[in-house]
Amino acid sequence: MPHPMPSFGSFSLLLALVLCTYTLLSGAFSLWAISTGRQLAVSPENLRETSRRAGIASFIAVSCAAFALIWAAFTNDYSVDYILHHTNRALASAYKFSALWSGQEGSLLLWAWLLAAYGFVLRLRHKVDITLSAYASTILAAVQVFFLLLLVFAAPPFAIVPGGVAPADGFGLNPLLQYPEMVIHPPMLYLGYVGFSVPFAFALGALMMRYPGEKWIHITRRWTMVTWLFLTCGICLGMHWAYAVLGWGGYWGWDPVENASFLPWLTGTAFLHSVMMQEKRGMMKGWNVWLIFTTFLLTILGTNLTRSGLVSSVHAFAQSSIGSWFTSFMVVIFIVCLFTFLYQRDHLKAENRLESLVSRESSFLFNNLILLAACFTVLWGTLFPVLSEFVQGSKVTMGPPFFNRVAVPVGLALILLTGIGPLLSWRSTSLRSIRRNFILPCIAVLATAIVLMACGVRPWKDDDATAGIYALVCFALGAGVITAIFAEFLRGAGVIRTQTSQNLAASAITLVRRNTRRYGGYLIHFGVVVMFIGLAGSAFNQSKELEMGFGDSIQLNGYKIVCQSYSQDSNANYDTDFALLDVYHGNKKITQLTPERRFYTASQQTSTIVAIHSTLARDLYVVFMGRNPETDRPIIKVFLNPLVNWIWIGVGVIIFGTFIALVPPLKPGTRRVEVTADSPLEPRNSPLKAPPAFAAEGGPRV
Amino acid sequence: MSKRLLQVVFVCLLAVTMLGAGTPNSSFDKIGHKLVCQCGCGQILLECNHVGCPVSGPMIDELHAQVATGLPETGVLNWFIGKYGPIVLAEPIRGGFDDVAWIVPCVIFVLATLGVALLIRMWHRRHAQLQPAIPTAIPNTTTDTMRDRIRQDTDFDS
Numbered sequence: 001m002p003h004p005m006p007s008f009g010s011f012s013l014l015l016a017l018v019l020c021t022y023t024l025l026s027g028a029f030s031l032w033a034i035s036t037g038r039q040l041a042v043s044p045e046n047l048r049e050t051s052r053r054a055g056i057a058s059f060i061a062v063s064c065a066a067f068a069l070i071w072a073a074f075t076n077d078y079s080v081d082y083i084l085h086h087t088n089r090a091l092a093s094a095y096k097f098s099a100l101w102s103g104q105e106g107s108l109l110l111w112a113w114l115l116a117a118y119g120f121v122l123r124l125r126h127k128v129d130i131t132l133s134a135y136a137s138t139i140l141a142a143v144q145v146f147f148l149l150l151l152v153f154a155a156p157p158f159a160i161v162p163g164g165v166a167p168a169d170g171f172g173l174n175p176l177l178q179y180p181e182m183v184i185h186p187p188m189l190y191l192g193y194v195g196f197s198v199p200f201a202f203a204l205g206a207l208m209m210r211y212p213g214e215k216w217i218h219i220t221r222r223w224t225m226v227t228w229l230f231l232t233c234g235i236c237l238g239m240h241w242a243y244a245v246l247g248w249g250g251y252w253g254w255d256p257v258e259n260a261s262f263l264p265w266l267t268g269t270a271f272l273h274s275v276m277m278q279e280k281r282g283m284m285k286g287w288n289v290w291l292i293f294t295t296f297l298l299t300i301l302g303t304n305l306t307r308s309g310l311v312s313s314v315h316a317f318a319q320s321s322i323g324s325w326f327t328s329f330m331v332v333i334f335i336v337c338l339f340t341f342l343y344q345r346d347h348l349k350a351e352n353r354l355e356s357l358v359s360r361e362s363s364f365l366f367n368n369l370i371l372l373a374a375c376f377t378v379l380w381g382t383l384f385p386v387l388s389e390f391v392q393g394s395k396v397t398m399g400p401p402f403f404n405r406v407a408v409p410v411g412l413a414l415i416l417l418t419g420i421g422p423l424l425s426w427r428s429t430s431l432r433s434i435r436r437n438f439i440l441p442c443i444a445v446l447a448t449a450i451v452l453m454a455c456g457v458r459p460w461k462d463d464d465a466t467a468g469i470y471a472l473v474c475f476a477l478g479a480g481v482i483t484a485i486f487a488e489f490l491r492g493a494g495v496i497r498t499q500t501s502q503n504l505a506a507s508a509i510t511l512v513r514r515n516t517r518r519y520g521g522y523l524i525h526f527g528v529v530v531m532f533i534g535l536a537g538s539a540f541n542q543s544k545e546l547e548m549g550f551g552d553s554i555q556l557n558g559y560k561i562v563c564q565s566y567s568q569d570s571n572a573n574y575d576t577d578f579a580l581l582d583v584y585h586g587n588k589k590i591t592q593l594t595p596e597r598r599f600y601t602a603s604q605q606t607s608t609i610v611a612i613h614s615t616l617a618r619d620l621y622v623v624f625m626g627r628n629p630e631t632d633r634p635i636i637k638v639f640l641n642p643l644v645n646w647i648w649i650g651v652g653v654i655i656f657g658t659f660i661a662l663v664p665p666l667k668p669g670t671r672r673v674e675v676t677a678d679s680p681l682e683p684r685n686s687p688l689k690a691p692p693a694f695a696a697e698g699g700p701r702v
Numbered sequence: 001m002s003k004r005l006l007q008v009v010f011v012c013l014l015a016v017t018m019l020g021a022g023t024p025n026s027s028f029d030k031i032g033h034k035l036v037c038q039c040g041c042g043q044i045l046l047e048c049n050h051v052g053c054p055v056s057g058p059m060i061d062e063l064h065a066q067v068a069t070g071l072p073e074t075g076v077l078n079w080f081i082g083k084y085g086p087i088v089l090a091e092p093i094r095g096g097f098d099d100v101a102w103i104v105p106c107v108i109f110v111l112a113t114l115g116v117a118l119l120i121r122m123w124h125r126r127h128a129q130l131q132p133a134i135p136t137a138i139p140n141t142t143t144d145t146m147r148d149r150i151r152q153d154t155d156f157d158s
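Chains as they are written, first to last, in UniProt numbering: chain A, 1 to 702; chain B, 1 to 158.
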């Protein structure tokens, strides 16, 4: 056999396709037999079990295929067309590994592998609810069959180079992808994208089987939160990569591919909020089902946008014919969802109605409204060039100015609701409670606005007044929301302190442990606000560009950058141009920066390596733009970007808050007891006498 | 008391907004941020960071030349549209079908807000209709169930 590993990979994919098809058909057949009470030659329960096991086996088969591709990358097997086009011998090992997702076929294989991994976990944990898990497993198998069909027939990752003769070296990896974050950003994003298949499968399965109660939401809550966390991390890692690599001084360019990842995040966030209304009040059942259907459809749309060439993007993979596969798949999914919804809609009747406009429920409704308005706006802006070409015959550009103008006010409204929502009670909020809860945040908003204006933040006097005014409003609202969150923590911790005589910090920890979901959610809100403050800082960005010889300097808002030297270097993978720059603030030297510009020999492409001096207040961001061909001197561009670190800190807080929300809360009346061998535990049903402090821990809720 | 507080806040706001001076206006910067570099990078013209970019340099020179002629902003933009097509604009601002890009999100937002408001109103009315006009005596078992339900509904666990 001339190419053993590619053959093994292709065979594994075929085997996975057969196994997944069996999982789908046997699963569907057994569930149909169970629900209708039909007798089969084989027991439907046994058939269902074989379906589950075939699903587990398909994970092993897809893993073998992914392994085969990585093996081919590490062994420089350039007989594989994909490896030839995405790696070269001098490429660092980490990037050979990341070659798995740097091209069309590889990234589809990654998608299939992650979906198989999620399915594997779901099928192992089937005992949480055997029937519902069987429905979810069958639906996941249907999605998996689609991706495996793509990999086998439309975008095979193990295709052999024409003629079958392997060249001596590969064409290399896109230099923009040769950055540490690119090793983790795509898998994170894909974990988020693919992960939404699981709550989708559970929601559709629960609707198909008319699942009683809201248990399916409890089962999928952790899945949804973990998926949402992965997607959040993926998007933010992408922002950081764009900031550190692309060298334009920003982190979000409203590129169609960026937008594609943002769309399911918006609907997923709306789902995470509105699902609470279903859990608490039995409301919004149909709405929630459609939110998760839409989220899943948007993940497929995002994948389609990246691959079909429907919209122009610097991120997109090469144009290919697989766009029609995705479009057909989306149509099929939509029809299945719509049919199931119409057929079972009487099962989704709400148990309660809204009682007051001023209530937690209505705040969730408006939160959903704003998130979906943002989602529609971003989708509209992304697809409008296609519509314009269809109607007018000429494409238009929907660049950052459009999105900033439309999306920023929506974002500000979202911050406002982030502050208001948690302060309202379920069912109805009294006027006294509103006055008590809102007075402090309102004072914080006013005080922040006044202090900022007194400190010289008066954007209406600038050229671009709108951005500055938005930023000012964002800072003021952010301060109000942070005050509201801290007031909630302090109020709760204060009550626990009076109950337990603990200090305030210990009381706050107890408070969080008692209701991890609520206070984890508050921490996430806090992180989001910190992030928004960081984003608002971009309204005050400054930049300067200069050709620099030895000893030349650039002055920018108190910083002085002096060129000490510039030189060249090279290794097997790339040649590099770099400058050594001393940075002074006032008269004090604070650091030395080395911005680079690399030329990758295999791919014949250039890439920038930005040098950043980061503080809490601002980033000094220096780019080696290249050399002036006439003077051979480097051209250096310096950006002063305020508050960028706040964005990354905010992301850290969001991650921490999500982990807190995922931790099970401390059960009332439980405590950990260390037992030695010579003093065994009392019988289980005997009353446990807890010391007063512990007894209070499980006492009445705050 | 609260009236006096409001007056103080208003005076403070007025004082700080009246301080300081504005920065000079630059139509070159303003127009340069409304155009997109045509090299394929998709970046705003004045933010294109490719050294030796064969497109952005000449485009910036053209922008300098057009601004120097004293043409108003619309005139300069029209000159660029004439040369590069409407794709040169960073956002659709030519009027006609371009306006649809701006109108649709606003209309959808307004309609959705009205829809939510109507929904809340409908729910609220239906809830009011379901309330019994005269409270009747409720058996103890029912009140216990209700109390449990209320506790569950008003629980802070969210």
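If you are wondering where the hints come from, they were derived from the structure by calculation, not from laboratory data.
One or more hints might be untrue.
As the list claims (entries may be wrong) - In silico DSS-like pairs for lysine-lysine, Cα to Cα no more than 30 Å straight-line:
(1) K83(B) x K461(A)
(2) K395(A) x K461(A)
(3) K544(A) x K589(A)
(4) K395(A) x K30(B)
Everything numeric in this text was worked out from a predicted model, so none of it was measured.
If any of the earlier hints don't hold here, list their numbers in rising order. Checked against the structure, the hints that fail are numbers 1 and 2, while the rest are satisfied.
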